[in-house]
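**Student:** Given the structure of chain A, go ahead and fit chains B, C and D onto it with the hints provided.
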Amino acid sequence: MRRILLIFGLGMGLALVAGWTAFPRALYVRREQPLEFHHKTHSEKSGLTQCDSCHALGSDGEFQGIAGVETCAGCHAEKVGTSKAEATLVDSYIKPARETPWLVYSRQPANVWFSHAIHTHRAGLACQDCHGTLGESDQVRTYEQNRISGYSRDIWGHSMSRLGRAPGDGMKMSDCEDCHHRHNVEVGCLGCHK
Amino acid sequence: MKFSRRDLLIGGAGALAGLALTPVPWKLLSDVSIWTQNFPWIPQPAHGPVETKYSVCTLCEGGCGIRVRMATKYPVGVAGVRDHPVSKGALCPLAFAAHQLNWHPRRLREVRHAGRTASWAEAQTAFVKACGEGPTAIVDARPGRAVSSVFEAFTRKHRGSYQVVLSAESQALTPYAGWSGVPVTSLGYDLENARTIVSFGVPVLDGWGTPGRFTRLWSERAAGAADPQLRLIQIEPSLSRTAARAWRWVPLREGSEAALAAGVARTLLEEHLVGAPGPMPRSTLAEAAAQTGLATEAIRDLAQRMVENRPVVVIAPDGNPAIAALNVLLGAVGAPGGIVRKRGDVPSHVSADPLPGSFRAVLVDSTVPWEFAAQNDAEVFRFAAWDGGGDSAGWLLPAPGFLEELTDVPTPPTSALETYAVAQNLVAPPTEIRSAAQFLLQIDPTLPAVEKVIHARCDEIFRTRQGTVYGEHPLAVTKIYSAKHLEEQLRKGAVWMGDPPSPGKFRCELKEWPADNRAANATCWAASWAPPVFPPLATKLYQESNLREPPAGRQA
Amino acid sequence: MSARYGFVIDLDRCTGCGACMVACAAENNVPPAPARATPRTGLTPMLVHKVSNGMEGAARREAFIPIACMHCGNETPCVAVCPQQAVEVDKATGIVVQMPQRCLGCRYCMAACAYHARYFNWWDPAWPVGMEKSLNPGVAVRMRGVVEKCNLCPARLHSAQEKAAAAGRKEIDPADYIPACAEACPTGAILFGNLADKNDPVFSAAHSADAFRLLARLGTEPKVYYKSQEAWVKALAERDSVRPTEAQHG
Amino acid sequence: MADLVLIDRRLIARGAERTSTMRFMFWLIPWVALAALGIYAAALCLYFGLNQTHMDTRFAFGMWIYLDLGMIAMGAGAFFTGFLVYILKQEDLKPVLNSAVVVGLICYSGAVAVLMVDVGQPLRAWFTFWHPNTHSMLTEVTFCITCYLFVLILEYLPVLLRNRQLRKVPSFLVFEYQLHKLVPVLAAVGAFLSFFHQGSLGGLYGVLRGRPFAFRQGFAIWPSTFFLFILSAIAVGPSFLMLVTAAAETLTERRLVGANVFRKLGLISGVLLGIYVAAKAIDTLVWLNITSPAVGFSPWDFYAYKPFGSALLFLEIVPLGLLPAFLLTSPLTTRRRGWLLCGAALACGGVLLNRFVLTVQTLALPTLAFDDFLQYIPSWQEVATFAGVIAYGVILYSLSYRYLPLFGQAKRADKNVSLD
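Protein chains in written order, with this note's numbering: chain A, 6 to 199; chain B, 20 to 575; chain C, 22 to 271; chain D, 2 to 421.
Just chain A, with the same shape it has in the complex (with noise of 0.2 Å):
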């Protein structure tokens, strides 16, 4: 009856520990930026403290996304310091007025509708209050996309369990509501889906 025991419980443990450690790194396929870019630097170094200085609402508040190359152009038209990256960025992106192809960590899919400008405005929340840190990134971290959804890691949060989770590092549906539940904000499905 022991041995009965020991053997189930050896055959639980691996499935536990494989659960819990491999699957994930499988899970996951790890993909790298295509540039160099530090937030901080740009903070820092050339004064662009407002995060709507890159990532501005359109004129009907629409959100801009990621600034474009041109706006880069304004500061990096010529080669900025001698960093790999630089190099990358005017001659690939600039010069050829190539957008460059991020990988949004963010990126919601097709059918979620969100808006920048009803949760700055409207509700008064802060850029960190859903983006935490990273304002202050001074390095891209890599970017996991789930091989099966195809969704950024950010979506479901990098803990497994989704315990103990900072601001920004898990976008699912479940952290809209209970964010709005919170707030007593009443949505129904059109307020973030279309």
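There may be inaccurate statements among the hints.
Listed next, the in silico EDC-like pairs over lysine to aspartate or glutamate satisfying Cα-Cα at most 20 Å (straight line) [stated by the list, open to error]:
1. A:K199 x A:D65
2. B:K503 x B:D478
3. B:K511 x B:E491
4. C:K219 x C:E192
5. B:K511 x B:D50
6. A:K177 x A:D134
7. A:K199 x C:D197
8. D:K169 x B:E70
9. A:K45 x A:E182
10. A:K50 x A:D134
11. B:K92 x A:E104
12. B:K72 x C:D197
13. B:K511 x B:E70
14. B:K176 x B:D463
15. C:K191 x C:E153
16. C:K191 x A:D65
17. C:K219 x C:D231
18. B:K92 x A:E75
19. C:K71 x D:D372
20. B:K46 x A:D174
21. C:K191 x C:D218
22. A:K199 x C:D221
23. A:K50 x A:E91
24. A:K84 x A:D96
25. B:K92 x C:E153
26. A:K177 x B:D50
27. C:K112 x A:E182
28. D:K307 x C:D261
29. A:K199 x C:E153
30. C:K191 x A:E191
31. B:K72 x A:D65
Computed footprint of chain C on chain D; a stretch qualifies when at least three of its residues, placed anywhere within it, have a C-beta under 8 Å from a C-beta of chain C [to be verified]:
32. 7-15
33. 120-127
No wet-lab data here; the hints were simulated from the structure. Even glycine gets a Cβ: it sits at the ideal position worked out from N, Cα and C.
**Tutor:** Relative to chain A, chains B, C and D alone:
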């Protein structure tokens, strides 16, 4: 200790139990469902901001104003422009999917000769050679455009002939042109002032002329009322959309329109319902009744109705002289609410029936209907954005598609007022694309460039100091400070509209009642739609619903 | 301050041109028909029916009845039946919302709908090569195997809301929110607005003498009203006004 | 081949006489082929989507839903017999109990299988458990059908574990013994679940106020069809059980249960059928005169569309309702096995017709004044998929019969267990 099969089973059971306590089954379950919500083979709409542009539709002569939503330099939606003076905010059903046309499977992206791929260079040499060997014809379906004047210039310089294929709407005006000597392109219908409109099977509520113009008028003054301000009498064998919505529907026998016209004319004259006497038709009322299958009473009643609520205008689907003669009899020619002559004359060398004489080479503009057949011994250079099917022996030259070409839009055929608009090239065409004008300009660089002609036209309008420019706000030309500014306005989607005509400036002399007894053929609902193909979404109208008949010879 | 959006459609003004159907499909990224699709398997969130008074010859009359989701306001049949809350009545707008991403494709809601205004994606949505560039960025493409219907052009509602928020307004500007079909109608037969707002044109129109609703006696309080002067057209509102033999399409 | 025969023989219970391996295999082959075809058709539907069927916007439900409803009704024999034996202590029905469980298992698992093909997004079907809409009859159906299927499997296990080979494993015997003590509880749970399941299937259509032909008033949240379905199901369950058993008897050329069992099943079935038909008649009258006119539908118009006429209604109530009720109860006929089976067949036919009318006819009928009456013919994929399920049923039943003690061995099995 050695493992037995039994141990393996137990271990496996343990593993299963353990797995249930890991994210594996649950995360997989969730991710697989998410996968079903974003199947990788399903197209994703573009990211990025959307901007709105204003322009004018060039898919038919109607000149409707359009509002185009652009995302990442491609159009993602087309809508009408409210208070547009020409189209009154309306569009035909097909226009709402027009932005998809440029990706139609039938889109031409390469030069083809005798069904095989060829190059522009070859086409050019072939054309130049042909021009050298004999007379050339250039066929246009929309006279009066900047492009047209490029055509004319070319034909003038290279002893060619500029030919025009008239739309059904224009053809319907040819009899008056014949009787009065006023060019067809200078004539129009003053519908806005008419109080009775008698249509001989013309789909006036279903895409005739500029779709929005009459439908809006009708919905404001006629729709639903038992005794409307504007009476629409539809004379048509079958209960068409227009007939179903008309104030009165007169069902008559196929092809007996001319006979009915004669019958009505006789009644009008015999019962002195019209002031000025006119030529009496030979056929008797009884004959008319017999041919049309209507009671003589019905014909008398129809004549009564026509004069009851004036001004009245009769609209024919084509150049049927008997029907046109009714307008003369009713005094609707050159009178308010009838057939009127526009202020200035658009260049008037327009021949109604194309290709008299024989030609060595025939260049066919992309506006010419696909069905148009050039004389068969000539070498044909056919410009088209979409392949209408059938095997052409000649040259098939890929022309700009929707919103891919800078061109101008002169007065639509049925309009009583002069208008002028400019369609910008909002979309970059595929690499191999060239318009007929560009083609000719490469052969003869001395020709005027389309851009320059448009520029000149704007100058001209600016100098006449008349009319109004309808942009964000209507602005009288007198209030505009420069021709350049006017052109900018037009390029931003504004439209210039001339002042109302001073009527009575022309009349028609009718010696005798037209003997011609040909049947009037009503046109199909999409006849004026120039491309030989439909936007794929048109399937909603006739494949995915029973709303309409699939139009012949067109593919969605 | 919740709205109740709806239509008042003047059938005497409808010429059956179909602009509303095409405009709707273009706005909402509804795919074109696959080769085998028929009127019975098509995707037409806005569908114009051709109807007749059943007579022949000169006595025949025809009319056109545009039918989209009626956005029923009472005991909404499709909401109650959906097993997994893929359908809901939006509290703020009264829109009956169909969420294809939640739908499992059981089609129970289609059986529940008296107006046949719900459609099933029998095929994978497909466009000719490159045409995906012409898709409306404001609307997600549905996938095969789910039900869809008129959600009252949510993309337009969204941009109106966003515009309001950016301008610091709480309520949207009514001029910013007009569904594609209403905007497209060349005769202005389709009137859209907030039925809960007494100052909105639809309010008076919906309460005018010649306004009626289809199958009103089912008690589902549809938010799409119709108008007509013609008695035979009004009669089409209720099933028992028509004997089975006459109950055929025009 | 030889060792195949050996295995086959080893699996058959000691002392049980079964036909030769060869004959058994020849019997299976066509059914296996049919099942394979069914799997192929189902695969087509899952891979290419439901455009493989002939369902459409109006006929959103097709043959599959109809047959699901039918099968579930037939499967009612399982829970009802269990209920009779364990709750109402009708010990003399025990001989057919195992057979009933197998029939139930087949019907329910088959129905679930078809449903998984029928929904457009089977991979998301679990959303119903994660985001259930408690107001939906379909949610009730889904929950009950899954739970009850689980119960049926548990009920099937003890039967399965009495297989000659499996009984060799001691721990299985222990397990089976424990399970056996549990069976009455399972029967009770099963009865409750299946009761609701049958009902909610009826409710499925009864609640559709948008389909006045099916819509019914009811008590609380349940329309009258909810209760009619329960009644009809328990009425027809035993009848179907009789038919299956009789079929097994003819095929195996053996008397498997005593005539008394048949008579008892028939009596139960007949009496319940009588009650059902009466209730159904009242319900129809109420609908004709109150429910339907109230929402602007003249009920007789529904019957004006051919081929569906008022004849169907008559057929359902008299020849396929009252008549079988008489045949199954009257002492004149119940002595004759033939009459009894004939009654059972008619009863099943009646209930199947009822399901057909409620599903297919409801969708065929127009609602809007300008709707057409529609025809619908299932595609071969739909037919094949379902045929596959039938084949699966036959195969599972044959195997169970061959290798498990389905009939009459219940008692002996118990004794053996207590001996160990």
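**Student:** Check each numbered hint from earlier against the structure, then list the numbers of those it violates in ascending order.
**Tutor:** Structure breaks hints 5, 8, 9, 10, 15, 22 and 32.
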